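Novice: Sequences are here, hints too, so could you generate the full structure?
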Amino acid sequence: MTANPIVAVEGLNKWYGEFHVLRDIDLEVGRGERIVICGPSGSGKSTLIRCMNALEEFQEGKIVVDGIELGPNLRRVDEVRREVGMVFQSFNLFPHLTVLENCTLAPIWVRHIPKKDAEAAAMKYLERVRIPDKANKYPGQISGGQQQRVAIARALTMNPKIMLFDEPTSALDPEMVKEVLDTMVDLAKEGMTMLVVTHEMGFAKEVANRVVFMDAGQIIEANTPANFFANPQHARTKLFLGQILR
Amino acid sequence: MSELAEPFVRTALAPERRAPISTTGFVGFVRTRLLNTPTNALLSIIGILLLWFTIVPTVKFLLFDAVWQGSDRTACLAENAGHTVGACWPFVQAKFTQFVYGFYPEPERWRVNLTFALAAVLLLPLLIPKVPAKVPNALLLFLAFPVVAFFLLHGGGLGGFAVGWTADALSNLILSIGDAGAKLTSLGLTAHPLAALPLKWLGDVVVILGTAALYLVFPLVWLKQQIQASGQPVWADFAATAVIVSLGLFVLNGAFRNGWRALVLSLAVFAGIGIVIAVMGLDRGGLPVVDTRLWGGLLVTLVVSVTGIVASMPVGIALALGRRSTIPLVRMFSVGFIEFWRGVPLITVLFFATYMLPLFLPGNFTVDGLVRVLIGIALFAGAYNAEVIRGGLQALPRGQTEAAKALGLSHWKTTGLVVMPQALRHVIPGLVNSFIALFKDTSLVSIVALFDLLGSLRASFADPVWATPTTLFTGFAFTGIIYFVFCFAMSRYSLFVERRLNVHQRS
Numbered sequence: 001m002t003a004n005p006i007v008a009v010e011g012l013n014k015w016y017g018e019f020h021v022l023r024d025i026d027l028e029v030g031r032g033e034r035i036v037i038c039g040p041s042g043s044g045k046s047t048l049i050r051c052m053n054a055l056e057e058f059q060e061g062k063i064v065v066d067g068i069e070l071g072p073n074l075r076r077v078d079e080v081r082r083e084v085g086m087v088f089q090s091f092n093l094f095p096h097l098t099v100l101e102n103c104t105l106a107p108i109w110v111r112h113i114p115k116k117d118a119e120a121a122a123m124k125y126l127e128r129v130r131i132p133d134k135a136n137k138y139p140g141q142i143s144g145g146q147q148q149r150v151a152i153a154r155a156l157t158m159n160p161k162i163m164l165f166d167e168p169t170s171a172l173d174p175e176m177v178k179e180v181l182d183t184m185v186d187l188a189k190e191g192m193t194m195l196v197v198t199h200e201m202g203f204a205k206e207v208a209n210r211v212v213f214m215d216a217g218q219i220i221e222a223n224t225p226a227n228f229f230a231n232p233q234h235a236r237t238k239l240f241l242g243q244i245l246r
Numbered sequence: 001m002s003e004l005a006e007p008f009v010r011t012a013l014a015p016e017r018r019a020p021i022s023t024t025g026f027v028g029f030v031r032t033r034l035l036n037t038p039t040n041a042l043l044s045i046i047g048i049l050l051l052w053f054t055i056v057p058t059v060k061f062l063l064f065d066a067v068w069q070g071s072d073r074t075a076c077l078a079e080n081a082g083h084t085v086g087a088c089w090p091f092v093q094a095k096f097t098q099f100v101y102g103f104y105p106e107p108e109r110w111r112v113n114l115t116f117a118l119a120a121v122l123l124l125p126l127l128i129p130k131v132p133a134k135v136p137n138a139l140l141l142f143l144a145f146p147v148v149a150f151f152l153l154h155g156g157g158l159g160g161f162a163v164g165w166t167a168d169a170l171s172n173l174i175l176s177i178g179d180a181g182a183k184l185t186s187l188g189l190t191a192h193p194l195a196a197l198p199l200k201w202l203g204d205v206v207v208i209l210g211t212a213a214l215y216l217v218f219p220l221v222w223l224k225q226q227i228q229a230s231g232q233p234v235w236a237d238f239a240a241t242a243v244i245v246s247l248g249l250f251v252l253n254g255a256f257r258n259g260w261r262a263l264v265l266s267l268a269v270f271a272g273i274g275i276v277i278a279v280m281g282l283d284r285g286g287l288p289v290v291d292t293r294l295w296g297g298l299l300v301t302l303v304v305s306v307t308g309i310v311a312s313m314p315v316g317i318a319l320a321l322g323r324r325s326t327i328p329l330v331r332m333f334s335v336g337f338i339e340f341w342r343g344v345p346l347i348t349v350l351f352f353a354t355y356m357l358p359l360f361l362p363g364n365f366t367v368d369g370l371v372r373v374l375i376g377i378a379l380f381a382g383a384y385n386a387e388v389i390r391g392g393l394q395a396l397p398r399g400q401t402e403a404a405k406a407l408g409l410s411h412w413k414t415t416g417l418v419v420m421p422q423a424l425r426h427v428i429p430g431l432v433n434s435f436i437a438l439f440k441d442t443s444l445v446s447i448v449a450l451f452d453l454l455g456s457l458r459a460s461f462a463d464p465v466w467a468t469p470t471t472l473f474t475g476f477a478f479t480g481i482i483y484f485v486f487c488f489a490m491s492r493y494s495l496f497v498e499r500r501l502n503v504h505q506r507s
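Protein sequences appear in the order of chains H and C.
Here this note's numbering is used: position 194 in the first sequence is 194, and no number is missing along the way.
Here this note's numbering is used: position 427 in the second sequence is 427, and no number is missing along the way.
No wet-lab data here; the hints were simulated from the structure.
Among the hints, a few may not be true.
Said to hold, decoys possible - Chain C side only, calculated, beta carbon under 10 Å to chain H, not exhaustive:
| hint | residue |
| --- | --- |
| 1 | G399 |
| 2 | S410 |
| 3 | V418 |
| 4 | P421 |
Said to hold, decoys possible - Simulated pairs of lysine-lysine, BS3-like, Cα-Cα distance not exceeding 30 Å:
| hint | chain 1 | residue 1 | chain 2 | residue 2 |
| --- | --- | --- | --- | --- |
| 5 | H | K137 | C | K134 |
| 6 | C | K413 | H | K116 |
| 7 | C | K200 | H | K137 |
| 8 | H | K116 | H | K137 |
| 9 | H | K116 | C | K130 |
| 10 | C | K134 | H | K116 |
| 11 | H | K124 | C | K413 |
| 12 | C | K134 | H | K115 |
| 13 | C | K200 | H | K161 |
| 14 | C | K200 | C | K183 |
As the list claims (entries may be wrong) - Distance ranges between label pairs, derived from CB positions:
| hint | chain 1 | residue 1 | chain 2 | residue 2 | range |
| --- | --- | --- | --- | --- | --- |
| 15 | H | P114 | C | D368 | 45 to 55 Å |
| 16 | H | D133 | C | N137 | 28 to 38 Å |
| 17 | H | F229 | C | N502 | 40 to 50 Å |
Small disclaimer: the values here were computed from a predicted structure and weren't measured.
A virtual CB, placed ideally from N, CA and C, is assigned to each residue, including glycine.
Specialist: Shown next, in the form of C-alpha cells:
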C-alpha cells in the first residue's frame, strides 16, 4: 500500500470483556493522507482511532505511529501522544481554564515552554481557527462551534504530526457544523495527516483521500471517495449509504 | 380549534414597559408574597409572632436588661441592679483574658497576640483575590508560619539543624535495626533447634546490614560531630545545610546552564530562615517554654481547628485519590483507613490519643498531648474530607482526563492541573460544611483536659466571685456569638469563593 506509512495498524484485535469490538484491523496511513472513517454506531470506529493514541488498550496486534510501536501493553504511551493530537465529540475543553490557558497548559507542562512563548504560539493557533478574540473567555461562555475550534487549536499547539477527530461535529447545532468543518478543511489543505470519524459525507468528498467503512468491528470497504460513493462494492456499504444519503 | 392561521409578520416590535406597580416595591411584596391568600396571611402572622417572641426577649436579655459595669457578682444581682437582670457583661469582661488565653502566663501573652497578628497579616492578603503574589504568600502561611507560630507559642530553641536531625534520625534507625538483628540472634540461641539456625542466620545478616549502613552514614555523623564540636552548633549546622541543599538544587536544576535561579531562590529562603532564627534567638534557647497544658481558651480552639482544617485537606486529597487508585493495595489501605476513622466517634479518637497511645509507645518516647490531639483530629477530619472530595472526583466527566492524556499530560499532571482543581470546586460546599463541623467539634477536646474556649468558660463558672443566676446564660451567649462569628465568616467566604470560581459556568 503506502510506501512510508506514518501510522500502520497490523492485526489489531480488541475485546471489551467478552465483546469483540475490533477484529483483525489492518490499516496504513500515508504521510499527509486524510482518511474518513464511517460506519454505523457501535462499529468500533471511535475505538480504533482511540487505540492510535493509546486512550484504549488492545489485546492483540500492533500499531506503529511514526516509528513508535504500541504493543498490547502500551509502554510508549507518552511518546505517541506527543505525536498525535485528538479532537473529541464533546470538545472536552477544561472548563476551569480560559481558552488561552486551555491552549497553553500542555505546551507549558509537557514541553516546558516558557509561558510567554506558549501564549504567543497559542494566539497564533487561535488566529488560525479564527477566534483570537475569545482568548480570555471561559469555554462555558462561547458556542459549541467555537469550543470545538478551540479544541482543534489546543491539539495543534503540541505540533502533532497526526490529528485524530472523533465525530467532531455530531454534538453541534446544525448552524455551527460548517465553521468547524471549514477549519478542518483548512487544516487538510496545509497537509496535516488526518483520521476523521464522521458522517459528514460532504467533508469526505471534499478532502478525504480514502473513505474507510466499518461495521461490527471490521473494515468492510476502503476506497477513494469518488469510487466509494459512486460505486460501493459490499452489500453492507450499499445499505449504509442508502440510509444516510437521501 | 381555530381557523387556518393567517400568515403573520411582525411589523413593529413590542416596546418594553414597566411592571405593574402592585407587584413591585415593599407594598407589592407584602401584597403578593405575604397576604395573597388566607393561608399565607395566617402563616405571615404566625411568623411575625414567632419572631416577636424570640427576638424581643433575646435583645432584652442581651442589651436592655443587661448589667454593664461592676467588679463582682453583687452588681449582677436583681436587688442591687433594681430591675430583672439580663446578661452580666462584667463577668465576661473579668474573664475575657481567660477565654482568650486560658492559663497562658500573663507576661508571655504578647506572644499569643503576635501569633494572631502574624496569622491575620498572612491570611488576609491570601483571602482577597486582587492582592498579588499568592504563591509566596501561601508558602509563607502554610509552611513558614506554623514553624514560627510553634516557637512563638511554645517557646524553646534549636540544638542543631537539618544535618544534625538527619544524622540522628538515620543513626537511630540503623542502630535499632542492628539491635533487632542482635535480638534475633540471641533468640536463635534459645529457640527450638529447628528454628534456631535460620533465626541466627537472619539475625547475623541483619546485624551485618546494620553495620554496613552505619558505615554508609558515617560521613554524615562525622559532619554532625564536627558541627557539635564547633562553638556555634546551630549556625554551623545551618550553614552546612544551606550549602548542601543549595548546591543540590543547583546541580539538579541544570548546574551552570540554568541552575542559577534555583541557587538564588534556595539561598534567599535560607537567608529568610536565618533571619527568623536570629530574631527569635532560637540558637540561644529561644523564648521561655510555655507548656501546652497551660494553653487555653480561644487560642486552643483556633490552634486545634486551624491545624485540623489545614492538615485534613492533604490527608483527604491523598485518601480520595488512593481510594480511586488502580493499585489494589493502595485502594484497600485507603478504604480501610477511611472506614476506620469514620466508624469511630471523635471522642474515642481523642481519648485514645491522649490516654491510651502513651501506654503503647516505647518508654522514653513521648509526644506532646496537644500534638497527639491535633494528629487525631487531622486524620479524623481527613477521612471525612476524603469522601467529600471523592464525590467531586466522581462528578467529573471521563472526557476531561482523556483530553488531558491525549495532550500528553502525565497521570500526576492530569490530576493536579485538570482533575483536582475542578473536583475541589465542585465540593466547596461540602468541604466548608465539614470545616464548620470541625470548628465546633474542637470543643470536644475539653474532655481530654485541654481547655478550649468552651472549656475555659465552664472553668470560669466555678469562680464564686461571679456566681449569679445569669452568669451561665451570659457565658454561653458570649461564646455562642464567638463561634457564630467564625462559622458565619467561613460560610460567607466560601459562598464568595464559589461565586468567583464558578465564573466560567455563567455565560
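Novice: Now, for every hint given, state plainly whether the structure supports it.
Specialist: Going down the list of hints, with the structure as the test:
no., hint, verdict
1, G399, "holds, 4 Å"
2, S410, "holds, 7 Å"
3, V418, "holds, 6 Å"
4, P421, "holds, 5 Å"
5, K137/H to K134/C, "holds, 22 Å"
6, K413/C to K116/H, "holds, 20 Å"
7, K200/C to K137/H, "violated, 71 Å"
8, K116/H to K137/H, "holds, 18 Å"
9, K116/H to K130/C, "holds, 22 Å"
10, K134/C to K116/H, "holds, 20 Å"
11, K124/H to K413/C, "holds, 25 Å"
12, K134/C to K115/H, "holds, 18 Å"
13, K200/C to K161/H, "violated, 63 Å"
14, K200/C to K183/C, "holds, 9 Å"
15, P114/H to D368/C: 45 to 55 Å, "holds, 46 Å"
16, D133/H to N137/C: 28 to 38 Å, "holds, 33 Å"
17, F229/H to N502/C: 40 to 50 Å, "holds, 47 Å"
This entry does not satisfy hints 7 and 13, going by the numbered hints stated previously.
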